[in-house]
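Engineer: With the sequences and hints as input, model every part of the structure.
If you're matching them up, the sequences are chains A and B in order. Residue numbers 287 to 477, in my numbering, belong to the letters of the first sequence in order. Residue numbers 287 to 477, in my numbering, belong to the letters of the second sequence in order.
Bear in mind the hints are in silico, worked out from the structure with no lab data behind them. Source: prediction; values computed, not measured. Note that the Cβ used here is the ideal one computed from N, Cα and C, for glycine as well. One or more hints might be untrue.
[What the hints assert, rightly or not] The calculated lysine to aspartate or glutamate pairs, modelled on DMTMM-like cross-linking and capped at a C-alpha distance of 20 Å, are:
| hint | chain 1 | residue 1 | chain 2 | residue 2 |
| --- | --- | --- | --- | --- |
| 1 | B | K405 | A | D317 |
| 2 | B | K367 | A | E392 |
| 3 | A | K397 | B | D317 |
| 4 | B | K307 | A | D376 |
| 5 | B | K367 | A | E344 |
| 6 | B | K288 | B | E465 |
| 7 | A | K367 | B | E344 |
| 8 | A | K405 | B | D317 |
| 9 | B | K397 | A | D317 |
| 10 | A | K375 | B | D297 |
| 11 | B | K329 | A | D317 |
| 12 | A | K397 | A | D376 |
[Stated by the list, open to error] Simulated restraints, written as ranges between beta carbons of each label pair:
| hint | chain 1 | residue 1 | chain 2 | residue 2 | range |
| --- | --- | --- | --- | --- | --- |
| 13 | A | K375 | B | G455 | 41 to 51 Å |
| 14 | A | F444 | B | H387 | 35 to 45 Å |
| 15 | B | P302 | A | N388 | 34 to 44 Å |
| 16 | A | P319 | B | G455 | 22 to 32 Å |
| 17 | A | S471 | B | R398 | 42 to 52 Å |
Number of protein chains: 2
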Amino acid sequence: MKLLEERILKDGVIKPGNVLKVDSFLNHQIDVPFIAKLGEEFKRLYADTPVTKILTIEASGIGIASVAAMYFNVPVVFAKKASGSNMDKDVYFTKIYSYTHNKVNEVVVSKRFISPEDKVLIIDDFLANGCALEGLIEIVRQAGGTVAGVGIAIEKGFQGGGDKLRANGVRVESLAIIEKMDSQSKTIEFR
Amino acid sequence: MKLLEERILKDGVIKPGNVLKVDSFLNHQIDVPFIAKLGEEFKRLYADTPVTKILTIEASGIGIASVAAMYFNVPVVFAKKASGSNMDKDVYFTKIYSYTHNKVNEVVVSKRFISPEDKVLIIDDFLANGCALEGLIEIVRQAGGTVAGVGIAIEKGFQGGGDKLRANGVRVESLAIIEKMDSQSKTIEFR
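Structural biologist: Structure representation (structure tokens):
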């Protein structure tokens with residue numbers, strides 16, 4: 287998606303260790319009028335596919351998932367990291383390794399919110415190694431639901447998580463796929 | 287707001303210790319088509335007030351804030367709990383005590399995202415004792431910005447946080463204010 291690639295080139299900051307900071311529009315400040323265009327694009331891409339629910343993970347996926355849900359006209363469920371004190375005990379549960387924070391997060395979704403009838407679109411801000419997505423797909427499968435597909439704002443293509451999922455038959459639509467980025471020369475190449 | 291009161295009576299679950307669970311539509315599953323009506327109502331209430339940015343706090347405020355931002359046509363900034371490994375070091379910082387989890391959260395917002403020119407509408411899912419809101423107001427003041435007002439889905443009126451803020455001159459618009467609730471008789475009275 288040209289619009290997103292241009293925004294990444296304009297406002298993205300490349301840090302050492304293949305970190306791309308886009309916190310000015312995607313995941314700390316959320317430029318909602320701009321993100322709405324991404325939501326609309328997800329809807330265009332998945333226009334042929336029945337979707338009953340959008341699943342994401344806290345915290346940075348919630349904004350883009352909620353805005354996208356305005357176009358799909360469905361609820362959002364977000365997986366929670368670790369069980370809060372007034373969290374349901376009857377939950378789907380998985381573990382997700384976070385490279386960014388170098389720790390394992392226990393992730394839960396209440397069993398009340400995904401059922402075998404659900405056709406779930408998984409939306410997240412980033413896709414790198416794919417650990418978070420594999421965890422969310424695992425939760426949909428525990429519920430007996432169907433993964434309608436995955437919608438990602440920015441995929442780090444060079445980290446291979448997206449292609450691994452595609453090879454396993456999961457439909458993954460990423461609005462921008464970074465093939466290469468370099469913190470020295472400050473350059474980004476898109477697929 | 288009649289519509290929200292009815293939804294609370296229909297789907298809210300009262301737990302001992304004045305806990306109201308509304309995780310089926312507000313803060314674990316987010317019923318986005320329904321929440322959109324709350325966002326529209328915030329816009330109606332604040333139609334006379336210039337708003338340049340919406341501020342909320344992760345994780346449960348992000349969904350309602352993002353949906354509301356669709357009607358205000360402004361960005362959302364969400365305060366983050368504790369400094370992540372690739373978090374900006376140049377941040378506004380405050381501490382917020384969480385009664386729900388019985389701990390103090392360190393909360394940060396990058397200095398890049400609130401400026402003295404900003405007229406900030408603070409949106410959150412719940413208002414009880416007001417600790418979270420006081421922290422967010424403190425962050426806006428550190429930035430030299432103006433608090434345009436506060437928009438809350440559900441206020442627990444009997445916990446006094448909202449009235450304390452109003453007494454201090456903050457405009458607080460809550461779409462449902464619970465005056466009394468009882469986990470034995472399963473009753474809720476609205477103000």
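Engineer: For this structure, which hints from the list above don't hold up?
Structural biologist: 17
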